[in-house]
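Using the sequences and the hints, build the whole thing.
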Amino acid sequence: MVFTDNHLGYLEHDPIRKDDSFEAFEEAFKIALERNVDLVLLGGDIFHDNKPSKRTICKTIEILRRYCLSDRPVDFEVLNSAKEDGVLSSTFGSTNCDDPNFHVGLPTFTIHGNHDDPAGVDLVSALDILASSNLLNYFGKSKIEGTGTGQIKIKPVLLSKGKTKVAIYGLGWMRDERLSKLFQMPGGVKWCHPDGFDSTLCNDDFFNIFTVHQNRAQHNPRNCISESLFWHGLDLVIWGHEHESLPAPTQSVGGKKYLISQPGSTVQTALTPGEAKQKHCLFLEIQEKRWRAKPIPLTSVRPFIFDNIVLREELDIEGDNLGFEDKSEDIAELLETRLNGLLDSLGDIKDPNLRHKIPLVRLRVDYNGFTTINSQRFGQKFVGKVANPNDIILFTKSTKKRRRRRRHAAR
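Add 75 to a position in the sequence shown, counting from 1, and you land on the number used in the working numbering.
Errors might be hidden in some of the hints.
[Said to hold, decoys possible] Below are the EDC-like pairs computed for lysine to aspartate or glutamate, each with C-alpha atoms no more than 20 Å apart in a straight line:
(1) Lys432 <-> Asp419
(2) Lys456 <-> Asp405
(3) Lys332 <-> Asp280
(4) Lys472 <-> Glu360
(5) Lys364 <-> Asp310
(6) Lys134 <-> Asp94
(7) Lys129 <-> Glu220
(8) Lys265 <-> Glu302
(9) Lys456 <-> Asp466
(10) Lys402 <-> Asp419
(11) Lys134 <-> Asp113
(12) Lys218 <-> Glu252
(13) Lys238 <-> Glu360
(14) Lys456 <-> Asp391
(15) Lys332 <-> Glu252
(16) Lys369 <-> Asp89
(17) Lys332 <-> Glu363
(18) Lys364 <-> Glu389
(19) Lys402 <-> Glu363
(20) Lys402 <-> Glu389
(21) Lys369 <-> Asp94
(22) Lys134 <-> Asp124
(23) Lys265 <-> Asp279
(24) Lys369 <-> Asp419
(25) Lys236 <-> Asp310
(26) Lys126 <-> Asp89
(27) Lys228 <-> Asp310
(28) Lys331 <-> Asp310
(29) Lys402 <-> Asp441
(30) Lys364 <-> Glu109
(31) Lys256 <-> Glu220
(32) Lys105 <-> Asp146
(33) Lys369 <-> Asp203
(34) Lys93 <-> Asp113
(35) Lys364 <-> Asp113
(36) Lys236 <-> Asp279
(37) Lys105 <-> Glu360
(38) Lys134 <-> Glu98
(39) Lys352 <-> Asp310
Because the hints were derived from the structure by calculation, they are not lab data. These figures come from a predicted structure and were not determined experimentally.
Put into structure tokens, the structure is as follows:
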């Protein structure tokens, strides 16, 4: 079972949304047990804050203890030792499921993200607390070695079950610009393979997974990682950090054979169109070199509606600079009507888990040619009806280029 970007502790002081991240995290573990999975693989950002609060750590430990510690048999074998330098962050010499002093029924493996990355003198992450407590296995904590630009080594966790062998490579978050240089530089990234493996022929019996937590969307060419830079012998890349849920595996660019799955976050941390999509965890089945992935919707995630409004298309104006103040009441009435309509559309939700959850709503309003209204005063009308009354409305001004594009699309 694969899921990522849980952001535990997000808005923990909000009386309405304080438990959203924990409920989705717990639901994903429930699904994992229901599906009788062998292990859980997390893609970073378990915690929202680099130094999570005592409440967040306590609730996280409770969930991991409830679902991961049991007498449930573990049917796979770890082929390489945790004592091997650079594989696991643990200093105890074994994965938690191989420790004779603990009964681990659902082994969990994770890398770190940009929210819970190692920091301080000894480069300790909040994940090290969970790993030292034997609640999960923390891997992918690679250091840049050498002089100049340096080099990183990516060592896999090797697993075996019957005839199926899986190599899970992991790389926790690094600054995109520096990591991109390492991937593009000859010898900048060393993929450590099992003994007897020829990396030029890819003649191994392992199914190779790579878990990474970096920018994928090219908002800035220097601050993202190209998906074509990875080792050509991979079979599947699990991409964390991006919150939009695109779990169905897609072909990578650049002629590489591996597929990429972007599970997305399990909780909304931004009121954007990508966050309004259905959240998922990924049920991954592997038999030797054959595999299939099935996205499973998370039903405990708070409903979120995102809508766009262009005031020029909804309200009449006499010229570009007339009647600004006179339209403020009309704008408020229009937005209130639209918002009530969106809330009415949620009346058909049949899932009992969501009926008691008031929704998140974001109206992105293009006010070009108009003045704005007080969004916080407007939101007070919907206290108790929406989970985010103080930031329902986002006022934006479209550029001429965007307006021309919209007119062409309408034609």
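Results of checking the hints against the structure:
Annotation: proposed proximity of Lys432 to Asp419 holds, straight-line Cα distance about 14 Å (limit 20 Å). Restraint check for Lys456 and Asp405: satisfied, since their Cα atoms lie roughly 16 Å apart, inside the 20 Å limit. Proximity of Lys332 to Asp280 is assessed by CA-CA distance (about 16 Å); at most 20 Å being required, the pair is judged to hold. About 47 Å separates the Cα atoms of Lys472 and Glu360, which puts this hinted pair outside 20 Å; it is violated.
At roughly 9 Å between alpha-carbon atoms, Lys364 and Asp310 fall within 20 Å of each other, so this suggested pair holds. Our distance criterion of 20 Å between C-alpha atoms is met by Lys134 and Asp94, whose separation comes to about 10 Å. For the hint pairing Lys129 with Glu220, the CA-to-CA distance comes to about 34 Å; that exceeds 20 Å, so the pair is violated. In summary, the hint linking Lys265 to Glu302 is supported, as the alpha carbons are separated by about 17 Å, within the 20 Å threshold.
Of the pairs offered as hints, the one joining Lys456 and Asp466 holds, with about 12 Å between alpha carbons and a cut-off of 20 Å not exceeded. Taking the CA atoms of Lys402 and Asp419, the gap is near 26 Å; set against the 20 Å cutoff, the hint is violated. Pair hint Lys134 plus Asp113 does not hold up; C-alpha atoms about 24 Å apart against a cutoff of 20 Å. Distance check on the hinted pair: Lys218 and Glu252 sit about 16 Å apart at the alpha-carbon level, within 20 Å; holds.
Using a Cα cut-off of 20 Å, the hinted pair Lys238 and Glu360 holds, with the two alpha carbons roughly 14 Å apart. Only pairs whose Cα atoms come within 20 Å are accepted, and Lys456 paired with Asp391 is rejected, the gap being roughly 25 Å. Between Lys332 and Glu252 the CA atoms are separated by roughly 25 Å; this puts the pair beyond 20 Å, and the hint is violated. Pair hint Lys369 plus Asp89 does not hold up; C-alpha atoms about 33 Å apart against a cutoff of 20 Å.
Distance restraint check for Lys332 and Glu363: the Cα-Cα separation of roughly 17 Å lies within the 20 Å cut-off, and the hinted pair is therefore satisfied. Among the hinted pairs, Lys364 with Glu389 is inconsistent with the structure: their alpha-carbon atoms are about 55 Å apart, more than 20 Å. A C-alpha spacing of about 66 Å is found between Lys402 and Glu363, which places the hinted pair above 20 Å, so the restraint is violated. Of the supplied pair hints, the one linking Lys402 and Glu389 holds, its CA atoms being roughly 12 Å apart against a limit of 20 Å.
This hinted pair does not check out: Lys369 and Asp94 have alpha carbons roughly 27 Å apart, beyond 20 Å. At roughly 14 Å between alpha-carbon atoms, Lys134 and Asp124 fall within 20 Å of each other, so this suggested pair holds. Note on Lys265 and Asp279: the hinted pairing holds, with a Cα-Cα distance of about 17 Å set against a maximum of 20 Å. Only pairs whose Cα atoms come within 20 Å are accepted, and Lys369 paired with Asp419 is rejected, the gap being roughly 32 Å.
The straight-line distance between the Cα atoms of Lys236 and Asp310 is roughly 18 Å, inside the 20 Å bound, and the hint therefore holds. Among the hinted pairs, Lys126 with Asp89 is consistent with the structure: their alpha-carbon atoms are about 18 Å apart, no more than 20 Å. Taken as a hint, the Lys228 and Asp310 pair is honoured in the structure, with Cα atoms around 19 Å apart against an allowance of 20 Å. For the suggested pair Lys331 and Asp310, the alpha carbons sit about 10 Å apart, so the restraint of at most 20 Å is met.
Between Lys402 and Asp441 the alpha-carbon distance is near 14 Å, which keeps this suggested pair within the 20 Å criterion. Distance check on the hinted pair: Lys364 and Glu109 sit about 25 Å apart at the alpha-carbon level, beyond 20 Å; violated. Restraint check for Lys256 and Glu220: satisfied, since their Cα atoms lie roughly 14 Å apart, inside the 20 Å limit. The hinted pair formed by Lys105 and Asp146 meets the criterion: a straight-line CA distance of about 16 Å does not exceed 20 Å.
Distance check on the hinted pair: Lys369 and Asp203 sit about 30 Å apart at the alpha-carbon level, beyond 20 Å; violated. At most 20 Å may separate the alpha-carbon atoms for a hinted pair to count; Lys93 and Asp113 exceed this at roughly 31 Å. Of the pairs offered as hints, the one joining Lys364 and Asp113 holds, with about 17 Å between alpha carbons and a cut-off of 20 Å not exceeded. With a CA separation close to 16 Å, the supplied pair Lys236 and Asp279 stays within the 20 Å bound.
Between the alpha carbons of Lys105 and Glu360 the distance comes to roughly 17 Å, so the proposed pair stays at or under 20 Å and holds. Straight-line distance between C-alpha atoms of Lys134 and Glu98 comes to about 10 Å, which keeps the hinted pair within the 20 Å bound. About 27 Å separates the Cα atoms of Lys352 and Asp310, which puts this hinted pair outside 20 Å; it is violated.
Going down the numbered hints, you'll see the structure goes against 4, 7, 10, 11, 14, 15, 16, 18, 19, 21, 24, 30, 33, 34 and 39, while the others check out.
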